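Asker: For reference, the chains in residue letters:
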Amino acid sequence: MRGRPVSLSFQGVTHCYGSRIALDGLDLRVPQGEVLALLGPNGAGKSTTISVLLGLVRPQRGRVEVLGSDPRRAVADGRVGAMLQSGSGIGLPPGVRVDQALRLVRKLYKRPLPLAQIVERADIGALMRRRTDRLSGGQAQRVRFAIAIAGDPEVVFLDEPTSAMDVESRQGFWRMMRDFGNEGRTVLFATHHLAEADEIADRVVVLNHGKVVADGPGATLKAAVATRRLRFVTDEPNRLVLGELDGVTELAVCGTGVSIDSLDADATIRDLVARGVPFRDLEVTGAGLEQAFVALTGCGEARARSAAAPRAADAVLGVARD
Amino acid sequence: MTDLSLVTPDLAIDDRDRASAVPRPRDGWRARLTPLLAYGGFEVGRLVRSWKFLAITVGFPVTFYLLFLGDRPAGQVVDGAVTWRVYLMVAMCSFGALVAALMAGGTRLSMERASGWARQLRITPIPAWSYVCTKVTASMLVVLPVIILVEVVGAGFGGVQLPAATWVGLTVLLWATSLPFAVLGVFIGFVVATEAAFPVVTGLMFVLGYFGGLFNPVDRMPGALQSIAHVMPSYHHDALGLAALDGQTLSLSHWLVLAGYVAVLGVAIAWKHRVEEARGLA
Chain A
5 MRGRPVSLSF
15 QGVTHCYGSR
25 IALDGLDLRV
35 PQGEVLALLG
45 PNGAGKSTTI
55 SVLLGLVRPQ
65 RGRVEVLGSD
75 PRRAVADGRV
85 GAMLQSGSGI
95 GLPPGVRVDQ
105 ALRLVRKLYK
115 RPLPLAQIVE
125 RADIGALMRR
135 RTDRLSGGQA
145 QRVRFAIAIA
155 GDPEVVFLDE
165 PTSAMDVESR
175 QGFWRMMRDF
185 GNEGRTVLFA
195 THHLAEADEI
205 ADRVVVLNHG
215 KVVADGPGAT
225 LKAAVATRRL
235 RFVTDEPNRL
245 VLGELDGVTE
255 LAVCGTGVSI
265 DSLDADATIR
275 DLVARGVPFR
285 DLEVTGAGLE
295 QAFVALTGCG
305 EARARSAAAP
315 RAADAVLGVA
325 RD
Chain B
122 MTDLSLVTPD
132 LAIDDRDRAS
142 AVPRPRDGWR
152 ARLTPLLAYG
162 GFEVGRLVRS
172 WKFLAITVGF
182 PVTFYLLFLG
192 DRPAGQVVDG
202 AVTWRVYLMV
212 AMCSFGALVA
222 ALMAGGTRLS
232 MERASGWARQ
242 LRITPIPAWS
252 YVCTKVTASM
262 LVVLPVIILV
272 EVVGAGFGGV
282 QLPAATWVGL
292 TVLLWATSLP
302 FAVLGVFIGF
312 VVATEAAFPV
322 VTGLMFVLGY
332 FGGLFNPVDR
342 MPGALQSIAH
352 VMPSYHHDAL
362 GLAALDGQTL
372 SLSHWLVLAG
382 YVAVLGVAIA
392 WKHRVEEARG
402 LA
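As you go down the protein sequences, you meet chains A and B in turn.
Residue numbers for the first sequence follow this note's numbering, so the first one is 5 and each next one is one higher.
Residue numbers for the second sequence follow this note's numbering, so the first one is 122 and each next one is one higher.
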């Protein structure tokens, strides 16, 4: 990955909406051709990151470059495509057919993709004569993807693109996007589905409170998230024995209460039984994304934050695990 | 039109950015104009294909003209030297322009902005100001045929007879001075929430129509209502048309009020845009 030109770069980018901080000194560099997932709970700063990359929001501090220039310059030059969150609407012009909207968007760019290619890539051949306000959620998302790629962009941003889709269209959508990214284009997408981030992206960046709390290949993150937390009560809280159980990464003992973070909960429990440690009230839970951040980055800051926002992180993980 | 522009100093690229930017060929005016024309054509096409929009914009002024025509003897002098049939035709041209412009902007624009499409357009290469300018231009383009249609009905059913040059002059005058209505429609689309936009548009149509003296000449109104009329853009629009037919000079005050509406509403739209941008909503 090193040696490739930098496609997107953030240097100390800070932005607040009123008193709410959305980006807090964000530093991030994305090389050309990378498929990057921005993962994080709602309000982590994912959408703001994308808005800043599109020049829709001017950050109050810091510097952002897209393809070596100001984000607005990159947009004006037609080098960027995006699928934004559309809120309640569908993000398409009401009262026109899909082909009319697509033909218009192509004309707004200097060097658009051939129409046939867009139709094929976004799999919208059957939708071309339909009116935009008569599409299902998944169909509308495919059309919006077509619009995002119509200008043959070098960089594509997708803000929770699969939120309105069922499982099947979701898979199809990611296949399309992956193909598009495989051609040397830089793709950045925001999601709160860990599984999506892991499967699709070359690299997963976890945002929380406007900061990068974890950054690495999806597989690493997934392994870290496999961490389970075991809680039980024992009359023999022997730190030495408990710390040596299979799979243990973290141990906390408080009176007779024990809390263990384990990479392999099954092995830990088998070992617990094998060593004859008496225990009761055993409870196994997902350790939460925050613990995953700690495992991934080893940074104390994430640990400190985990106390502040465990609920949001658990919600994220809950989605990821189902 | 410059006061409608949403270009802000922020849009300028500073030198650092330019130095690091990848060099690219300079665009000719043709390359710059093509996307704007494509977008303009798209918007007008959308308006014209919308039968609800057409039915209302064409239906209201024409129906009202035919309904009100029988209220008085068509030859009765109502305003200066202007007869009822002529007064009513100009008034309904004003009303038609008003209805068309508010319907073209208003609800449709508000819905479109809520749908996220306006945001999607902002991340295409066309500049931010072109969105507003295209909306205003598209409204102006649909206003023209409405004015002409009312005139045709006026000539055909109302028996209005004017020299050819006067017809042309009147049409151009009424059309050009419809700009405040077009900007007002876009303004409503920018500031009024989708659910409220239709009632607001309908209410304004009748407030501007009634108090602007389009349903009944202003000098027949009680004094208090007359002073309200004088702040209505519809009154000044109508007054310019009547003055042109009456052979009077086109009083500067009418122009100033209409230009004032364009300026104030234009600034308000630009301000709304800036606020949304700062909040990350634009």
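To be clear, the hints were calculated from the coordinates, so they are not data collected in a lab.
Bear in mind that the values here come from a model prediction, so they are computed numbers and not experimental data.
Be careful, since some hints might not be right.
Calculated pairs, DSBU-like style, for lysine-lysine (alpha carbon to alpha carbon, straight line, at most 35 angstroms) [what the hints assert, rightly or not]:
| no. | chain 1 | residue 1 | chain 2 | residue 2 |
| --- | --- | --- | --- | --- |
| 1 | A | Lys-114 | B | Lys-393 |
| 2 | B | Lys-173 | B | Lys-393 |
| 3 | B | Lys-173 | A | Lys-111 |
| 4 | A | Lys-215 | B | Lys-393 |
| 5 | B | Lys-173 | A | Lys-215 |
Here are some chain A residues the structure puts well away from chain B; computed CB gaps all over 12 angstroms [what the hints assert, rightly or not]:
| no. | residue |
| --- | --- |
| 6 | Arg-8 |
| 7 | Pro-35 |
| 8 | Gln-89 |
| 9 | Asp-137 |
| 10 | Ser-173 |
| 11 | Gly-188 |
| 12 | Gly-261 |
| 13 | Val-277 |
To spell it out: a stretch of chain B is covered by chain A in this simulated footprint if at least three of its residues, at any positions, have a beta carbon under 8 angstroms from a beta carbon of chain A; those stretches are [what the hints assert, rightly or not]:
| no. | stretch |
| --- | --- |
| 14 | 244-256 |
| 15 | 266-280 |
| 16 | 338-351 |
C-beta atoms are modelled at their ideal positions from N, C-alpha and C, and glycine is treated no differently.
Asker: Take the hints in turn and mark each one as holding or not.
Answerer: Quick rundown of the hints versus the structure:
no. : hint                     : verdict
1   : A:Lys-114 with B:Lys-393 : holds, 30 angstroms
2   : B:Lys-173 with B:Lys-393 : holds, 29 angstroms
3   : B:Lys-173 with A:Lys-111 : holds, 28 angstroms
4   : A:Lys-215 with B:Lys-393 : holds, 30 angstroms
5   : B:Lys-173 with A:Lys-215 : violated, 49 angstroms
6   : Arg-8                    : holds, 15 angstroms
7   : Pro-35                   : holds, 16 angstroms
8   : Gln-89                   : violated, 8 angstroms
9   : Asp-137                  : violated, 9 angstroms
10  : Ser-173                  : holds, 19 angstroms
11  : Gly-188                  : holds, 15 angstroms
12  : Gly-261                  : holds, 45 angstroms
13  : Val-277                  : holds, 54 angstroms
14  : 244-256                  : holds (count 5)
15  : 266-280                  : violated (count 0)
16  : 338-351                  : violated (count 0)
Hint violations for this structure: numbers 5, 8, 9, 15 and 16, all remaining hints satisfied.
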